[in-house]
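Same order as they appear, the protein sequences are chains A and B.
Quick note, this note's numbering runs 47 ahead of the 1-based positions in the first sequence.
Quick note, this note's numbering runs 342 ahead of the 1-based positions in the second sequence.
Just so you know, not all the hints are guaranteed correct.
[Unchecked claim] Keeping only pairs whose Cα atoms sit at most 25 Å apart, straight-line, the calculated BS3-like set for lysine-lysine is:
id: 1; chain 1: A; residue 1: Lys242; chain 2: B; residue 2: Lys484
id: 2; chain 1: B; residue 1: Lys917; chain 2: B; residue 2: Lys947
id: 3; chain 1: A; residue 1: Lys289; chain 2: B; residue 2: Lys484
Hints are computed from structural coordinates only; laboratory data are not their basis.
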Amino acid sequence: MSTQRQQPETESESAETEGETATDRRLDEKRRRAEQRERERVEAEQRAAADAERYHLKVFRYDPEVEGKQEPRFDDFHVPYEPGMTVLDALIYARDEFDASLTFRHSCRQAICGSDALFVNGRQRLGCQTQLSDLDQPVRIEPLPHQDVVKDLVVDMEHFYDQMEAVEPYFQTTDRPDGELEEQHQSRENREKIKTSTRCIWCGACMSSCNIAAGDNEYLGPAAINKAYRFAMDEREGESMKQRRLEIIEQEHGVWRCQTQFSCTEVCPKDIPLTEHIQELKREAVKSNLKFW
Amino acid sequence: MYEYDVIVVGAGGAGLRAAIAAQEAGADVAMVTKLHPVRSHTGAAEGGINAALREGDDWELHAYDTMKGADYLADAPAAEALTQESPAEVIQLEHWGMAFSRDDDGRVSQRPFGGLSFPRTTYAGAETGHHLLHTLYEQVVKRGIDVFDEWYVLNLAVSDEERPEDRTCHGVVAYETATGNVEAFTARDGVVLATGGLGQVYDHTTNAVANTGDGVAMAYRAGVPAEDMEMIQFHPTTLPSTGVLISEGVRGEGGILYNEEGERFMFEHGYAKNDGELASRDVVSRAELTEVNAGRGIEDEYVHLDMRHLGEERIVDRLENILHLAADFEGVDGLEEPMPVKPGQHYAMGGIETDEYGRTCVDGLYAVGECACASVHGSNRLGGNALPELIVFGKRAGVHAAGGDTDAPRISVGKTDDSEAGEVDAPVELGEPWRADAVADGGAAAETAEAVVERTLERERERIERLLERDEGTQHAEIRAAVQHTMTENVNVFREESALKQALVDIHAARERYRDVYVADPSSTYNTDLIQTIETRNLLDIAEMITMGALAREEFRGAHWRKEFQERRDDEWLKHTMVSWSDGSPELWYKPVVLEGENQTYEPKERSY
Numbered sequence: 048m049s050t051q052r053q054q055p056e057t058e059s060e061s062a063e064t065e066g067e068t069a070t071d072r073r074l075d076e077k078r079r080r081a082e083q084r085e086r087e088r089v090e091a092e093q094r095a096a097a098d099a100e101r102y103h104l105k106v107f108r109y110d111p112e113v114e115g116k117q118e119p120r121f122d123d124f125h126v127p128y129e130p131g132m133t134v135l136d137a138l139i140y141a142r143d144e145f146d147a148s149l150t151f152r153h154s155c156r157q158a159i160c161g162s163d164a165l166f167v168n169g170r171q172r173l174g175c176q177t178q179l180s181d182l183d184q185p186v187r188i189e190p191l192p193h194q195d196v197v198k199d200l201v202v203d204m205e206h207f208y209d210q211m212e213a214v215e216p217y218f219q220t221t222d223r224p225d226g227e228l229e230e231q232h233q234s235r236e237n238r239e240k241i242k243t244s245t246r247c248i249w250c251g252a253c254m255s256s257c258n259i260a261a262g263d264n265e266y267l268g269p270a271a272i273n274k275a276y277r278f279a280m281d282e283r284e285g286e287s288m289k290q291r292r293l294e295i296i297e298q299e300h301g302v303w304r305c306q307t308q309f310s311c312t313e314v315c316p317k318d319i320p321l322t323e324h325i326q327e328l329k330r331e332a333v334k335s336n337l338k339f340w
Numbered sequence: 343m344y345e346y347d348v349i350v351v352g353a354g355g356a357g358l359r360a361a362i363a364a365q366e367a368g369a370d371v372a373m374v375t376k377l378h379p380v381r382s383h384t385g386a387a388e389g390g391i392n393a394a395l396r397e398g399d400d401w402e403l404h405a406y407d408t409m410k411g412a413d414y415l416a417d418a419p420a421a422e423a424l425t426q427e428s429p430a431e432v433i434q435l436e437h438w439g440m441a442f443s444r445d446d447d448g449r450v451s452q453r454p455f456g457g458l459s460f461p462r463t464t465y466a467g468a469e470t471g472h473h474l475l476h477t478l479y480e481q482v483v484k485r486g487i488d489v490f491d492e493w494y495v496l497n498l499a500v501s502d503e504e505r506p507e508d509r510t511c512h513g514v515v516a517y518e519t520a521t522g523n524v525e526a527f528t529a530r531d532g533v534v535l536a537t538g539g540l541g542q543v544y545d546h547t548t549n550a551v552a553n554t555g556d557g558v559a560m561a562y563r564a565g566v567p568a569e570d571m572e573m574i575q576f577h578p579t580t581l582p583s584t585g586v587l588i589s590e591g592v593r594g595e596g597g598i599l600y601n602e603e604g605e606r607f608m609f610e611h612g613y614a615k616n617d618g619e620l621a622s623r624d625v626v627s628r629a630e631l632t633e634v635n636a637g638r639g640i641e642d643e644y645v646h647l648d649m650r651h652l653g654e655e656r657i658v659d660r661l662e663n664i665l666h667l668a669a670d671f672e673g674v675d676g677l678e679e680p681m682p683v684k685p686g687q688h689y690a691m692g693g694i695e696t697d698e699y700g701r702t703c704v705d706g707l708y709a710v711g712e713c714a715c716a717s718v719h720g721s722n723r724l725g726g727n728a729l730p731e732l733i734v735f736g737k738r739a740g741v742h743a744a745g746g747d748t749d750a751p752r753i754s755v756g757k758t759d760d761s762e763a764g765e766v767d768a769p770v771e772l773g774e775p776w777r778a779d780a781v782a783d784g785g786a787a788a789e790t791a792e793a794v795v796e797r798t799l800e801r802e803r804e805r806i807e808r809l810l811e812r813d814e815g816t817q818h819a820e821i822r823a824a825v826q827h828t829m830t831e832n833v834n835v836f837r838e839e840s841a842l843k844q845a846l847v848d849i850h851a852a853r854e855r856y857r858d859v860y861v862a863d864p865s866s867t868y869n870t871d872l873i874q875t876i877e878t879r880n881l882l883d884i885a886e887m888i889t890m891g892a893l894a895r896e897e898f899r900g901a902h903w904r905k906e907f908q909e910r911r912d913d914e915w916l917k918h919t920m921v922s923w924s925d926g927s928p929e930l931w932y933k934p935v936v937l938e939g940e941n942q943t944y945e946p947k948e949r950s951y
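Only chain B is shown next, with the shape it has when bound in the complex (with noise of 0.2 Å):
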């Protein structure tokens, strides 16, 4: 058993900044993670950081950019949180010696990006992620904060009053990759979850094999809903064999897409009159695959992105890594000829629903990063928006959850007198109904924090033994393979509704074979197969998310299209889609949308670029 002030799961750059944050506040900090901190998916970040930094811009700019990229989606109070302290944390890396690209003047450089009123993309090349997640960890070695690496968090101790807004989160329970060992982690004062992306819900992404939606699944589980998850970004530049993320920075400097014809689509077939290849991603990405299905995509599947023009010393000089890229991973050079991409799902704006200072509805449970929900990104994230999501909402859960002092928020978190219920059309049912009975032991008298750790660490026990006694059944890659492919199949850029409900019938499937899911490795040692299969029982949740609330949001707003429903419909959907376990029978309902400012309302406008 151990003991901490704060435990933060996860180590990429939010977990990073929150572990900072709080031990700086005094509090005593572990973290604990699936990966060494520099193995975390922050480091394939490329583009950069959005701060409103230079004479010209200012954060109210930046607000206004991202809510519109949001598609008006987003809460004002967490856009403008991320817009007025990205500039202060943007120097703090840079104080932390960040090898930031540099202006002959010697201040930090910055350039285009789509979506974006003002050339405010803080970059190190096209590595800015690497850079960011390093000069974070450094200071984490500096501070000597206990890191519990290659430790898999199975779940949350989290008590189980029956309404989620009155359960406290008390620690975690991990497993220990090297021995087996599962292990308690007791957190005095908070639990911060870090824990990234769930691109591996899809099967063509830019997401690591890690990026699994853990957080976001546990905290699921643990009765706190998860917000707008149908809201899946696809970058529209790809790699099309890997997936790999060739950056927006290409375009930001000038790259050029063209389609089989050689157009310059963006412009020639209207798809954005001003901003063309600037557009926002989401934009973008329709827009490709528009050319693809109308038979003129290159081999039918992607379009060029071409850089050449630009110049060999320009783009070694902000661009290198690309290069290594479409070489490593496609086999182009990018300074002769064009690089094939298509869209990609890069980036999940939904996940775990927390208020601008990352605090849910679970008491001494916080979210951060990607996998949680404040929401800054709305319906579509504007490219240079995570990395600054991740220092400034790090740092102020890692502050809060030590104890310090926050101005009250003004999102409401878990179910409120402004809730509205709401309904999924399911042709199958949905969760795992057979769960209801065997949580029949919850309402009983408060427990004590040291109980509700001792029971989640025995059930943990108790579910690793039973994975590794079986042994016939169905494998974990069969099971997340087919979840995979009907994601993609069916949840993808465009959606229809008698696909989005066959992608509920595969899921419900898939579940199913999962209840005869069984380990193949005996060993206790570095057993991958174990931890994979408790990961693939967190991607058929995340999936069934995802489809829940792409089937109900009945409209078109930002990266979520519908065949059915070709309008933005502000009447109705200026709300966010909120899904919770409640117990196994996944219930969906809504909260509206905070569009109110602090000098300003936000009005949503018609969006073109």
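If we strip away everything but chain A, and leave its shape as in the complex, we get (with noise of 0.2 Å):
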């Protein structure tokens, strides 16, 4: 409490010759301190590695504003494990107890925000859903790939929304009931063949994953052609609603730009068969093209 109660006097006794001064001193106080502050936890990650029971984490980390994170490097975390531990934890459990700064988007811890998809040993996963002890170690621990990283493992998400809103991606029929209290009926089939594509979570693991995301900024990507596959295969919608869904999803950069790599479906924390929820969609678009022709 005195250090804190002081510093300002001597700050105030010098603004008033040299202003810019007083704030360059604190400043360099600061980054002193900071730098014996990662000495210090240099030191704690040394004696902790000495512990076998623990897990060995390299996190990836780049700050565009701090000084000596401008680079991005990696950065050791050895977390002592408990069963059942998952990357999330143990990404918590290193920036509550080693560093405060190390920065991660994260919220439900189970697999329904879609907050903390990143790339863990070479894969797209979530971390809140992947147990440790499935990995080998060192665990790399790295933000999702083809994404512009903002800070240590958050990425901007931006495109990625933009590409989920670009395929009108909200229910449209022009036969909804009269009635205030009159519901649409869907059959028990068809909301079962829509049923997986409704559980996306905007994770964004598919596109991170895609060869063709990466290479072609425009393509709609897996998690959007889904997103149009779910009301484009909901019957209450109605086939001249369809129709228009189809044209969404053929235009340049849609459905015929994905090569069936399964890459997405491979990835996706909540089993949407994607690959064939997009060929699903090319078929009806071709179907749809013939009976126009």
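Combine both chains into one complex, guided by the hints.
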């Protein structure tokens, strides 16, 4: 507490003569302490590394404005292992115990918010859904490839969201029932048909895994096409809407770009058969084109 | 500086519904939310939406179940609004394309849930919240409503008249996570708080990491009373290692609870002789812990929830998501073995005091969803009543914030002639008494809206600067862990005076440590250290309010069990516990429950299942 009080006094004295220097000195002081903390952290890390019950993580670090982090690097963390521990648990531990600036998105911890898709040991996975015990050490944790890194493990999701929104991702029908309490009917079979497609949590793992999306920035990508599938196949929207949906996904950067490599399907944490959905839309598009030919 | 008619804070189910309603009523709307909308914790809701849709059911039955489930601490006008409007709101979701589970005839499916007299829980597999959240967000995208996502609201811009009832909310100040910018959002007509739960005050919770009670804490410090904060729901079926929720839908479909001796204890030990596993959540949670405490728990920690007898086809059809959760987060195959479950913090029945239109006592400030307390749920929320609350009251508040007409409210807000003074026998000073001096500038001449917003913006910019400038002290993670530990230890399912007082001591100590808090990360780019530090400040207030209410309420009602007071005491306690911030020295008081409904008065009866 006392150091907190004294510091401003020194500042205000010097501020009268050289305003700039006071700030500089404070920043210097802050930097010096940051370095001290960094040394302590490294030492704590080294002590921790000696402990065999720990998992070794190598975590990607980058911050565009913090000295020492402007050049991407990997930091080592040694996290004490508990049965059932996930990659997300390990990251939280590393942040709370070793380095509060370690940055990653996370919220629900149960694979439904889609915040923590990461590149773990060379594959897109949700941190919360991945058991440490299933991974080889050191566990290499990186941000999703093919997306701009904002900081550490956080990537810019805007492009992903833009693609999702490009497919008119909302229910549209021309024959909604009149009555306020009158529901549209949907067969169990039809609900079953769209079931897996409605499970998308917008995590972006599929898009990140897709070679085509990496090479063609305008490609709608598996998640957005799956969203289109979800509506195109929903019998409640009706035939004319379906035509419109097919036109959207048939655009130059739509379904025809997909080369059925199945990488999206392999990484989807909700087991959505994305490639199949894309293929089915291709078939639907062909059928519908023949009809109008 | 941004300016809109209506600002909605938070983008879960309630916030999205409010934004849609306000926009449809003609308002220029913006949503300001610390997570992208689809990341909101509404998405984790599993079981369903109660709505009296079918022949043989009606809203009055649903209202009766709700009042009984609430143990008569809900306000009838709010419970009746919920049950009257839920059917149309559910069908509205259906019209917006929500992927409900379907019956053979193509209509939306409903199933039994705890405490319900009719199987009226409308569902979409065991992932109803996910579908509701995405369906509403789709409508927000369709309407082109502005969404400021990953903007963290730091505070409300509220004028500083002496009485909270005279104050006006003119907007919010928010922090852009990606850049560190602090900006003001002026609301010409209203601010709707829809910030969700506060489960992060506990360490075993079904809530997300983001559920830190920000809205309740901000409204509280702006002078709005918090209501019935002691009423915390502990869900009976959460996975022991992570707190992940296993839906009540499992019991709704016929899942059975067993203790270590293989007894179906809900029946065999007489906890709920009629309804068994489908008794109300508070009843089942206490039963499970009583079994564990009597040495009949498995590994002295949990009980078993068995659904194997339902058969693979039915499980996959209606509860598939549960199989994934049990496998991913507990390593258990629900088709082959029973699932371990124990009670975990799940829901806050209490929150920001509102009337049945979502209005608080501060003009222009609304609250809806879990952060609000109208009160629909009283001392215990029924399963399947949270999602309808989001859409019914989200719509109501959205319409009203945009200037739509409503009938005169029957629930009062703020202090009135009916308010009764209360007292808490606290072993330490509550709140932040050192703050009282700092608030001396209150009562000045009436400020313009612009000046209020400007002043709030400046204060918040200073706060951020102060937190970033410090470079030693205590880190938020330690303080947060201390709060979570004491709350879980002392303010849990079973409560007693000495433990509650211990919690107040611990919270006080945590507050003292927070005075010394610092943010280690110096960056203005995506500084989650800073955001969590501010969230932790909110958790301190929340934890204290919960504990104050729990200590004050000397009876056993709904989710609130007290060792010293083993009975519901209607003669004295048919009243809401209110806590006001009072410039840093929290004050406890009471307001009467409204049991008079439209056609009937809900006379308290013995509550058995």
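Okay, the hints, checked on the actual structure:
1. With a CA separation close to 22 Å, the supplied pair A/Lys242 and B/Lys484 stays within the 25 Å bound.
2. Of the pairs offered as hints, the one joining B/Lys917 and B/Lys947 holds, with about 16 Å between alpha carbons and a cut-off of 25 Å not exceeded.
3. Of the pairs offered as hints, the one joining A/Lys289 and B/Lys484 holds, with about 17 Å between alpha carbons and a cut-off of 25 Å not exceeded.
Of the hints listed earlier, there is not a single one the structure fails to meet.
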